[in-house]
Amino acid sequence: MKRLLSLMLLACFSMQAQEYFPNNDDISAVSNVTRAITNATIITSPGKMISNGTIIIKNGKIEAIGSGISIPKNAVIEDAAGNYIYPSFIESYGNIAMKSPKRAAGSRTAQYDEGRKGYYWNDHIRAEQSAMDHFEYDSKEAKKYIDAGFGTVQTHFQDGIARGNGMLIALDNTGTDADRILKQESGNFFSLSKSRQSRQSYPTSLMGALALLRQTHFDADWYANGHSKTKDLSLEALNTKKNLVQIIEAGDKKNVLRVDKLGDRVGKQFVIVGGEDAYEMIADIKATNAALIVPINFPNAYDVSNPNLEWFVNLGDMREWKQAPGNLMMLSQAGITYAITTKDLKSPAELMKKLKIAMEYGLTEDQALAALTTTPASILKVNDMVGTLEKGKLANFIITSGKLFEDDTEIYENWVKGSKQVIKNRSIKDIDGSYVATLNGVKYDISIKGNGKKSTVKIDSTTLGSKITYDGNWINIITTQKDKEDKSYTRLLGVISDDNNFHGIAYLPNGQEPAFVAVKEPTDSKTNGKDGNKKGDSKEIKKMGRMTFPNVGYGSETQPTEETILYRNATVWTNEKDGILENTDVLVKDGKISKIGKNLSAGNARVIDATGKHLTSGIIDEHSHIAIDNGVNEAGHNSTAEVTIEDVVDHEDVNIYRDLAGGVTTSQLLHGSANPIGGRSAIIKLKWGYKADEMIYSNSPKFIKFALGENVKQSRYQNGVRFPQTRMGVEQVFEDYFSRARAYANAKGSKDFRYDEEMEVLLEILESERFVSCHSYVQSEINMLMKVAEKHGFRINTFTHILEGYKVADKMAEHGVGGSTFSDWWAYKYEVNDAIPYNGAIMHSQGVVVAFNSDDAEMSRRLNQEAAKAVKYGGVSEEDAWKFVTLNPAKLLHIDDRTGSIKKGKDADLVLWNVNPLSVTARPEITMIDGIVFFDKERDLRFRESIKAERQELVNEMIMAKNKGMKTQTPKKKDKTLYECETIHW
Amino acid sequence: MNAKLFTGNMKTMKNLFYTICALFAMTATAQQTPAPAQTGIYTIMNATAHIGNGEVIDNSIIVLENGTITAIADATVVKMDIKGERIDASGMHVYPGLIAMNATIGLVEIDAVNASSDVREMGTYNPHIRSIIAYNAESKVIESMRPNGVLIAQIVPRGGRISGKSSVVQLDAWNWEDASIRTDEGVHVNWPSSFRRTGTWYEPGPIEPSKDYEKQVTELTDFLNNAKAYNATTKPVGLNLKYAALQPAINGTENFYIHVDGEKAIRDVLKFIKANGIKKPVIVGGREGDKVATELVAMNIPVLAGRVHGLPSREDEDFDMPYKFPKLLADKGVMVGLENSGDMERHQTRNFPFYAGTVAGYGMDMEQALKMITLTPAQILGIDKEYGSLEQGKSATLFISKGNALDMRGNQITRAFIDGRDISLNSHQTELYERYMNKFGAEIKR
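As they're listed, the protein sequences go chains A and B. For what it's worth, our numbering labels the leading residue of the first sequence as 1, then goes sequentially. For what it's worth, our numbering labels the leading residue of the second sequence as 987, then goes sequentially.
Wrong hints could be hidden among the right ones.
[Said to hold, decoys possible] A partial selection of chain B residues facing chain A, derived with a Cβ cut-off under 7 angstroms:
hint, residue
1, Lys1069
2, Glu1331
3, Met1394
[Stated by the list, open to error] Keeping only pairs whose Cα atoms sit at most 20 angstroms apart, straight-line, the calculated EDC-like set for lysine to aspartate or glutamate is:
hint, chain 1, residue 1, chain 2, residue 2
4, A, Lys102, A, Glu78
5, B, Lys1431, A, Asp138
6, A, Lys937, B, Asp1304
Rather than coming from a laboratory, the hints here were simulated on the basis of the structure. Quantities reported herein were computed from a predicted structural model and do not represent experimental measurements. C-beta: ideal position from N, C-alpha, C; glycine also.
Kindly produce the complete structure, drawing on both the sequences and the hints.
If you want it as structure tokens, here you go:
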């Protein structure tokens, strides 16, 4: 019996939640109405339609759905004949109902250490944050989403690199928070942007943010195993929230790939927010297997009607305007799982506008709907609750006037958890149209427009003054008389009946009140011409236009490929024992230098007549900062060995192409010089038209940037607070870190061992597996670092800048370090007071391997001229001077077994010059890497023509868009930030 | 001193020599001693003379007397007696002293050391500010110019809407007064920028059209009109040094330099020049000026083309635009010289010959390229009666180079003269070179 009772009780519970709140306002009068919406066309999920369907709603859920289902007797019925019903939308990346983060107070001095205790060492890791703690529902804000068709939002506190968990809320403006909170823990969020609640410097760069996320995850694992002796609430939270969906905001396509790679490293498959430009690397995006949450803020056309402003806009940005709306179609076609977010839109109200533009590019209605309903539901793992209209799911749906994506369709109601939220009264008829009424034998032509807001009344062809109000289905029109002298008014009052005619009473000036019927004229397709035309147009799918890789000016539609080429009759600068060979042929095959000799047989090779021209190996820039995304310096710590430029190589930087035009084939992209121990380098071949990973040397020698002197001691800061502030301190930084690295190595294998990426890298240095390229100026510090290295059992590989290298050239030679210097820079800071242009020659004379580098996107384009300065300053022979920018940097980078000279079997990294490459009039005619021609003087001319033509075409299209009345934006010039050693973004 | 040293073997002697050299180098001051006025006569024989006006004499004879070129002729045609010191320059080249325009050398010693900077006065309208008095003739940067053939420079203040006045100096002097060739030869206007960078310094945004442009142009015009009115009044009420300082530029005794880039802005500048009757305008920078070339030629306005060793100003632009830009102007008949304002401009000023050489690499005739840094700037500066080319009666300001001075390898200068003074080609830098080559016992090559 007892058992039966409890079963019954249980049954009660499952039928209806038991009321347990005391109520002192009134008697208990629980209303628990069952509702039925009938006669609607219901789209239960993309592609699934029920005609003449009914939804039965109870307790906020769908009790039943289908056609011809029986309606419970106690149900309140709402007839939705002629209307459509869709699942309401899901916003996966909202920040609604979140209080703004409190911005940390400003200060002139940088903050290097964390501001909180008991949490992670970095304030930007805030995994312990929970959206609930910041939750403050604002129905006004919510209404914007409700009006746009959203029923559910996964919202979170958008602050920090680790942001903690979000929550899932229902946009129920009729209920209370008790109704709205669907899940108080939904999604665990990450980003690449720092918290506004802290001023802690680290990270100051994208690569720093990536490194921080890696280390945080390693530390979380370590913490999970109970190795930490102290409490870390952030790491603890990271671990407890591990089973939530892990979502990271990335940004553009490159960052999408970067965070996915990060995920692979830490064993996480992120859901990635971003990829508005995924279409430019669609195969790579697909290969991530990540689900995306994609913003749809396609740019407006640039207003280029003024030619003086047109030049502000790069071809790449013009293309973006044309192509970005095709992104969703491309994602769908590639089979990538994606949800749409209104993030970045000015208002959720723009959603439909943007989607309709996307549809012009071939996105189907089902695809769009899926990206707003089923896909976000499954990405967020809430498809048991929302996303489709099925029995048992939340009654979250919208009622529309017609098919969702048609131009004149309106959303009437947005039901959330079974509560009706009216956007537009659907019982109010659309009264727009033309009517004819006869009053007192006079024929009135009445036309109503703008959803009953505008009226035109004519007698014969005379237009009367008229005013209309349309309220609660009542139409009220006041008109003047045909006779202008007559100052009296006629008032018409009535309703539109089911026959669509306007039935009413006319209150005439003479006091008569005759009834009338204004008969609606049949809709003429011409009067509706605007829509008619649009539909006609939309049948033709818009093309995205020319796409290149990279998708900017000077990109190619087809990837440049390797060729078999014979350079005939060149002056060949071998950089080998053979020296400079006259009238010599060089055969390039399979990406390598295959033969060097006279009268070589061409076979099937393309023959390039090089008579009178000079063939050299490509220029190698030991010190470059081009092609780097979002920060060259991780300046947040005095040691940042954990960061690597390889994470942030930008394959789209036009400076790659410009360098090729200057004969450069390889560059070391170095970290900046903000700290004694900087980040790791990327050594790349300038394979313009290839992806970043394809540019980075395979099996690349490992390098790291160190720095000394004024930059690292922050000489130009008013209030330096970071250690070190003197050269004396700089030495101790190295001592400290190397000692720690040794201790770290000794701790390996111990129980509480903590994996530390930074220490791993430092250890590689100590074990001579990673080479140091050190920014340096004055002799004291140069000498110091060599001594530190010797003490710790390794040698410094390269001193870069090294402007006082000449003063200790003998010591450098003895230590075995190379010098990569500027040809003639000086006078730009105090520590270069004794910098002399003879530096290269002096070091060279003492047997130091000398290179000239750029550190500058401009100078890198003419390093051949810089090399020639070694002839002027110090009389270095032309052959040796040429090696300063080719073979010697190759040696310094440990790639001289692959490149740096013209030798059989080496990579075909070659430049054909019009004259002696050291001449001031020298210009590259062909630059090839691995046997692939990446710059060709003739092709460059064709590029110029095609860029001009394409710009013209796109300018026309944008002007056309403007004339059509589409929104435009002021032209903007988006430049690649040019980095040099000292560039720091806090 | 140990007497034994004097009787030692050659090696010791050599060491002694080096020691003395080193001692000398160590005790040498930062600044080379300016050469005294010419007393003797020099005859340079058999050099290829690059006149500076586009012409060349393959085998020349040049006589320098009393600071002046008293004769220059084709040695194969004209037979002359050799006067004074015979300088055999067979296989070598003679050039007029190169002129660095729109330079700031001598106004800043070390870029990053604020205390060493005198280049930018506060305020917006500074026509009364004069560069010459801050010019440090003893700057280590100045002496580093001469070994590259840069012997004359226009010293220009920076900043503000009107930066102030420039003067022309020769680069071997005890003080600014001695250095000056032409004091206060022009006033410098920085034309309002028609675009502005959005965002903040730490998060730079895109470049957009400037909203303040029109307002700033009006303000400049008003300033000029006020100055005109002030100067037209015989007894103005109250003294206004700023307005008074503009008078020479208004009446055309001084140049009116307008620093401007971009087609639209240049067109606006031309309108401004016409409307305000600017008598001797010069455009500095002038990017996109090639699109306005016809008007520039018609109005006879010279252009100092911006830094040749620069980057294209936009992503889609031809990679070689900065290299070929001066030629684009010259081809259309514009009178064009070079300037190099920008990042690290001070020490780069010695690279003027290579800027010209680079332009030659992109199609300009080498002698025409030379003209851009010799005769043309002299004409612009109004000093062409004395400087800018190798012509009889002009100042003996010239240098001898082993090879093509516009090429890094050929620019090996053996002798240089300013007003006939046989100037030092040493510098703080060459001294350090020699000092350390001596330390290492290595062979000095210069």
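Structure-based check of each hint:
| no. | hint | in the structure |
| --- | --- | --- |
| 1 | Lys1069 | violated (32 angstroms) |
| 2 | Glu1331 | violated (10 angstroms) |
| 3 | Met1394 | holds (4 angstroms) |
| 4 | Lys102(A) x Glu78(A) | violated (47 angstroms) |
| 5 | Lys1431(B) x Asp138(A) | violated (79 angstroms) |
| 6 | Lys937(A) x Asp1304(B) | holds (12 angstroms) |
Consistency with the previously given hints fails for numbers 1, 2, 4, 5, ordered from lowest to highest.
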